[in-house]
Amino acid sequence: MSQRNQVTQWLIHHAARRAPRHLSSRLEEEWLADSESRCSSLSRLRFGVGCYWAAMVIDNDFPSSSVPAVSPVVAARSFVPLADGNYSYFSLRSGTLFLIVGIYAALFCGLITTLSHTRAPPEIESIRILPAK
Amino acid sequence: MGRKDANVRMSLQTLRVLEVFLENPAEQLAGAEVHQRCGIVSGTLYPILIRLESAGWFVSEWESIDPSRAGRPRRRLYRLTSTGLRRAGEVFASFNRGVLA
Chain A
1 MSQRNQVTQW LIHHAARRAP RHLSSRLEEE WLADSESRCS SLSRLRFGVG CYWAAMVIDN
61 DFPSSSVPAV SPVVAARSFV PLADGNYSYF SLRSGTLFLI VGIYAALFCG LITTLSHTRA
121 PPEIESIRIL PAK
Chain B
1001 MGRKDANVRM SLQTLRVLEV FLENPAEQLA GAEVHQRCGI VSGTLYPILI RLESAGWFVS
1061 EWESIDPSRA GRPRRRLYRL TSTGLRRAGE VFASFNRGVL A
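Each protein sequence line maps, in turn, to chains A and B.
For the first sequence, our numbering begins at 1 and goes up steadily by one.
For the second sequence, our numbering begins at 1001 and goes up steadily by one.
Hints were generated in silico from the structure; no laboratory data involved.
Quick caveat, the model's predicted, so the values are computed rather than measured.
Hints are not guaranteed to be accurate.
Said to hold, decoys possible - A short list of chain B residues far from chain A (calculated; beta carbon distances all over 10 Å):
no., residue
1, P1025
2, D1066
3, S1082
4, F1095
Said to hold, decoys possible - Estimated spans, in silico, between C-beta atoms of each pair:
no., chain 1, residue 1, chain 2, residue 2, range
5, A, T114, B, N1096, 53 to 63 Å
6, A, T114, B, G1071, 29 to 39 Å
7, B, E1063, A, F108, 24 to 34 Å
8, A, V7, B, P1073, 14 to 24 Å
9, B, W1062, A, G110, 44 to 54 Å
10, B, M1010, A, A106, 27 to 37 Å
11, B, N1096, A, F98, 32 to 42 Å
12, A, A106, B, N1096, 26 to 36 Å
13, B, E1027, A, T113, 20 to 30 Å
14, A, V7, B, R1037, 24 to 34 Å
15, B, R1037, A, V101, 12 to 22 Å
16, A, V101, B, R1086, 22 to 32 Å
Even for Gly, the Cβ is constructed at its ideal location relative to N, Cα and C.
Next up, chain B with everything else stripped away, as it sits in the complex (with noise of 0.2 Å):
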């Protein structure tokens, strides 16, 4: 999806989901996981999960699991890429020093 490593727009809420994310940077989680770790609601999360993977931040894969064995659907997995491992450090590094990216 689109533009590569792009500069996203760092809104509260899109710092609040990095954060999730950085907690555990090999973890895959998918939007319900995230919305329950940092409460953002739906119609604010998913805007920001789909921009962050369209500016390669992210990347996003079908659960493998057999949805007739697990007893529901296959969910959407995020995971951090190291593009956005690096850029969300200097993004949450710049705060530090008190000055945004």
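Okay, chain A solo, but in the shape it has when bound (with noise of 0.2 Å):
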């Protein structure tokens, strides 16, 4: 089995554990199933990837809590592993897109500062514009 094969799988295996309990195992054994359809082991890694960001939709889609407890006392003692994990105020896509709108804001604000801070050559700084007569 190439190293590829392996990442994949081991991909597959890491993204059913970030779906919803309910769906972990399905999931998996889903998409190893289907990764086995893919012809080359670069289109399967490509197929692990996707599956860890469609591990991390689904999370958001399906949080953990909607997973119907069996008593009240389970429901109570299980109260936070189960807790909702979407903590955030955005959604997945919201918070993708902050995110990078933050790190171009940063590169700016990182490009102006430094520019700001760069002196010139001594034999540039020594030249005086002369107004034009």
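Once you've looked at the hints, go ahead and assemble the two chains, each given alone in its own frame, into the complex.
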């Protein structure tokens, strides 16, 4: 088995663990079976990366708290681990957008700060521009 | 899974998935086959399949094969339900009328 296939299997395994509990084992088996239908190992690798993203989206759609508890006692005991994993105020898509915008803003600020603190070479600094007569 | 016959967010990719299933509504398709037919990547495809199943538009079941004989693992097969068929028909009909449902 090639290294890429091993990485794909690892990705699918970890992706399935990120998915809601009631779907986790089913998705792992389903994705492993579907990855077999891919012809090349690179295609399988891309499939594995996609599954990782899919697991995050599914987890966002179906948070763990939607799993019905068996009894109030079990529900109370497992409240913390079953609490909604979606803590953020924004959806996954909005969060990604804000992250990208934030990175661009940070890069832009860094560029501006660097340029403003960059000193010109002495031969350029000594040049005086005289007003035209 | 959850909210039956709920409204499903209609994205272009969701419509493409539905279109694949509407070609032959009785056919059972695995995620890999849907990918081959409409070219939607796995990261987008599986959330759509799960969402549609959760809304009651699809049902899924494991393929009834013996993996050791078939030489491959069993796949999860999806099929349109009568509700899904009706609702998908309504969605595409609304496009024909020029109104998004």
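Right, here's what the structure says about each hint:
1. Against the 10 Å criterion, B/P1025 stays outside the reach of chain A, whose nearest CB is about 22 Å from its own CB.
2. Annotated as non-interface, B/D1066 keeps its C-beta farther than 10 Å from every C-beta of chain A; the closest such distance is 14 Å.
3. Residue-level check passed: B/S1082 sits 23 Å from the nearest beta carbon of chain A, beyond 10 Å.
4. The claim that B/F1095 lies off the interface holds: its Cβ sits roughly 24 Å from the closest Cβ of chain A, which is beyond the 10 Å cut-off.
5. At roughly 56 Å, the beta-carbon separation of A/T114 and B/N1096 lies within the given 53 to 63 Å, and the hint holds.
6. For A/T114 and B/G1071, the Cβ-Cβ distance of about 60 Å falls outside the hinted range of 29 to 39 Å, so the restraint is violated.
7. Checked against the hint of 24 to 34 Å, the C-beta distance between B/E1063 and A/F108 comes to roughly 52 Å, which is inconsistent with it.
8. Checked against the hint of 14 to 24 Å, the pair A/V7 and B/P1073 passes, with Cβ atoms roughly 19 Å apart.
9. Against the hinted window of 44 to 54 Å, the Cβ-Cβ separation of B/W1062 and A/G110 comes to about 52 Å, which satisfies the hint.
10. Taking the beta carbon of each, B/M1010 and A/A106 are about 36 Å apart, inside 27 to 37 Å as hinted.
11. Between B/N1096 and A/F98 the CB atoms are about 38 Å apart, so this pair conforms to the stated range of 32 to 42 Å.
12. Separated by about 47 Å at the C-beta atoms, A/A106 and B/N1096 break the suggested range of 26 to 36 Å.
13. Checked against the hint of 20 to 30 Å, the C-beta distance between B/E1027 and A/T113 comes to roughly 60 Å, which is inconsistent with it.
14. Distance hint check for A/V7 and B/R1037: the Cβ-Cβ separation is about 27 Å, which falls inside the suggested range of 24 to 34 Å.
15. At roughly 35 Å, the beta-carbon separation of B/R1037 and A/V101 lies outside the given 12 to 22 Å, and the hint is violated.
16. Between A/V101 and B/R1086 the beta carbons are some 41 Å apart, a value that contradicts the proposed interval 22 to 32 Å.
In this structure, the earlier hints numbered 6, 7, 12, 13, 15, 16 are contradicted, and the remaining ones agree with it.
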